[in-house]
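A.B. asks: So the protein lines, in turn, are chains A and B. Numbering-wise, UniProt numbering puts 279 at position 279 of the first sequence, and it's gapless, one number per residue. Numbering-wise, UniProt numbering puts 303 at position 303 of the second sequence, and it's gapless, one number per residue.
Derived by calculation from the structure, the hints in this document are not laboratory data. Small disclaimer: the values here were computed from a predicted structure and weren't measured. Hints are supplied without guarantee of correctness; some may be wrong.
Identical copies look the same in the list; a pair holds intra-copy or inter-copy alike.
Computed list of lysine to aspartate or glutamate pairs in EDC-like fashion (alpha-carbon distance at most 16 Å, straight line) [stated by the list, open to error]:
| id | residue 1 | residue 2 |
| --- | --- | --- |
| 1 | Lys84 | Glu48 |
| 2 | Lys245 | Asp62 |
| 3 | Lys84 | Asp270 |
| 4 | Lys108 | Glu250 |
| 5 | Lys91 | Asp68 |
| 6 | Lys245 | Asp270 |
| 7 | Lys217 | Asp294 |
| 8 | Lys217 | Glu175 |
| 9 | Lys91 | Asp3 |
What follows is each chain in one-letter form.
Protein chains: 2
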Amino acid sequence: MTDPLFGKLALVGIGHIGASIALAARRGGVVGEIAISTRSPATLARAEELGLGDVYFADAADAVRGADLVIVCVPVGASGDVAKAIGPHLKAGAIVSDVGSVKVSVVKAMAPHLPSAVHFIPGHPLAGTEHSGPDAGLVDLFQNRWCVLTPAETADPAAVEKLMAFWRALGANVEAMSAEHHDLVLAITSHLPHLIAYNIVGTASDLESGIRSEVLKFSASGFRDFTRIAASDPTMWRDVFLNNKEAVLEMLGRFNEDLATLTRAIRNGDGDTLFDLFTRTRAIRRSIVAIGQDTSAPDFGRRDHTKPDQAKT
Amino acid sequence: MTDPLFGKLALVGIGHIGASIALAARRGGVVGEIAISTRSPATLARAEELGLGDVYFADAADAVRGADLVIVCVPVGASGDVAKAIGPHLKAGAIVSDVGSVKVSVVKAMAPHLPSAVHFIPGHPLAGTEHSGPDAGLVDLFQNRWCVLTPAETADPAAVEKLMAFWRALGANVEAMSAEHHDLVLAITSHLPHLIAYNIVGTASDLESGIRSEVLKFSASGFRDFTRIAASDPTMWRDVFLNNKEAVLEMLGRFNEDLATLTRAIRNGDGDTLFDLFTRTRAIRRSIVAIGQDTSAPDFGRRDHTKPDQAKT
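Construct all of the structure, not just a fragment, from the sequences and the given hints.
C.D. replies: Shown next as structure tokens:
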């Protein structure tokens, strides 16, 4: 039994990610005590029923008092208000982090409200499913996934290293980069794919009703994979697009240019252009399998599509 | 031991789908004998090494002689040439089918070359992975998947029923509809999703090299699911887009209109429009899970992402 990395962890917000942090930190003995707060009385009660923490508060200020590590796990649009609420109650020397999918706007929203005596080190675990809420917590969610930290250049190296150790203890691989760079990389790897998935599922849902029921029935032929992505939390993703506007619009511009080329090739019956692109994209897939970010095993899109409702693990 | 449904099955083309049919038909004792042909000597030799059939021919005409069921398993762009080659050698009363992802153009290409004494009943099993070639054959590929048949109105009901029984014996659920309707439904459930996936992966691969390596590294955050779709066989998909041009362009037009609305909402900071769409798409996902076309179990996109190279089943 080793000593916990942090005596007291405070989680502000206890949805899918917050609950997963609580479960993973508890199992690994990574923290001594877990304080949980959320504005929703129903969610707070549910977190307590699930036994995710040790103490529970409606007010974030109460939860963060005396905490050595505070992780804000709310939609990014709410992070500024949370920082304002907890700022005056933070312990000197505490590490304050978050899990938001965008970083520049979160830094802009939170930093002004945090006292200089705390270490503000923004973070983003690249993990999550399409489920939300405290019941969606998964103890293994961060296992072998990336967690990106975006410390300012002036950040205390010892504090950064300690937060890195925390995420490693939860099973994650950790990488540090600037907030700006994070937002650009995530715009193409995550935000644009989500936007496209939302869009195509929306297009399908607007179809005449005769076709719509068949879209559901025959969804396994490709569409289904998009619906899983497009089932992600609406509040979280609204905030992502509003807060990473420039990078998303930049990537969307490139996507549209490419789609125009592809559309023209189809219209003109230009098979060579299509074949060349489709060969190039196949190579990208091989690179991803080669670096261990996915497996080449066929799973037909899902682990076991014959069982309609597997138990969560 | 029941009698086989067909005495002799001829498979023209022995890629991912053809090989899977051979394996499934053999296991179920669905046919008495399997004849295989393909123009590629290397592929033919590999099919024989794998023991997929009983007899092997370089010339499709030799394979189809005396066959009771002929299934053409080639990219749809090649189906006309195959029909021309086998037409004069087909047995009277034989059923001729295919597995192409588009149906109107396949009917147009094949029908003129087939004698009136055979039953031409086009088909499309909605199954497949991103892998190709005879080694990618999977005995369970059609289990609980849909197979759509598009018989002409004049088709012999007994022949249609017999082909349905064949696919059911391979584990599939069978549905009949017109070729035109099939092409429209597949344009939105399969062809457009593939086109979009190819496009976004292409956009990412054109990025400056500094970002591109990170796109691979952090691909698990959404992008990865697209790369799997975009790794599908280039020849097959080139032919799909060239042969279902009208329906794909129609759906692409709707997709683009919707994407323009979404882009404007992001640019204007219009969170309500985003939130409304994201809520609507989540409901679609629930419908798909409710009708058993997918499971709600979290699998992080893949069965087990911690094992980089699982064995095929």
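A.B. asks: State whether the alpha carbon distance between lysine 245 and aspartate 270 is at most 16 Å within one copy, between copies, both, or neither.
C.D. replies: between (34 Å within a copy, 11 Å between copies)
A.B. asks: For lysine 91 and aspartate 3, with the copy left unspecified, which applies at a CA distance of at most 16 Å: within, between, both, or neither?
C.D. replies: Answer is neither: 21 Å inside a copy and 79 Å across each miss the 16 Å cutoff.
A.B. asks: Please work out whether the CA atoms of lysine 84 and glutamate 48 approach to 16 Å or closer within one copy, between two copies, in both situations, or in neither?
C.D. replies: neither (25 Å within a copy, 71 Å between copies)
A.B. asks: When no copy is specified for lysine 91 and aspartate 68, does a C-alpha distance of 16 Å or less occur within a copy, between copies, both, or neither?
C.D. replies: within (7 Å within a copy, 81 Å between copies)
A.B. asks: Taking 16 Å as the upper bound on the Cα-Cα distance, should lysine 245 and aspartate 62 be classified as within, between, both, or neither?
C.D. replies: neither (34 Å within a copy, 61 Å between copies)
A.B. asks: For lysine 217 and glutamate 175, with the copy left unspecified, which applies at a CA distance of at most 16 Å: within, between, both, or neither?
C.D. replies: between (42 Å within a copy, 11 Å between copies)
A.B. asks: Give the relationship of lysine 217 and aspartate 294 under a CA distance limit of 16 Å: within one copy only, between copies only, both, or neither.
C.D. replies: between (28 Å within a copy, 10 Å between copies)
A.B. asks: 16 Å Cα cut-off: does lysine 108 pair with glutamate 250 within a copy, between copies, both or neither?
C.D. replies: neither (21 Å within a copy, 43 Å between copies)
A.B. asks: Give the relationship of lysine 84 and aspartate 270 under a CA distance limit of 16 Å: within one copy only, between copies only, both, or neither.
C.D. replies: This pair counts as neither: shortest intra-copy Cα distance 57 Å, inter-copy 25 Å.
Hint compliance for this structure: hints 1, 2, 3, 4 and 9 are broken, all remaining hints hold.
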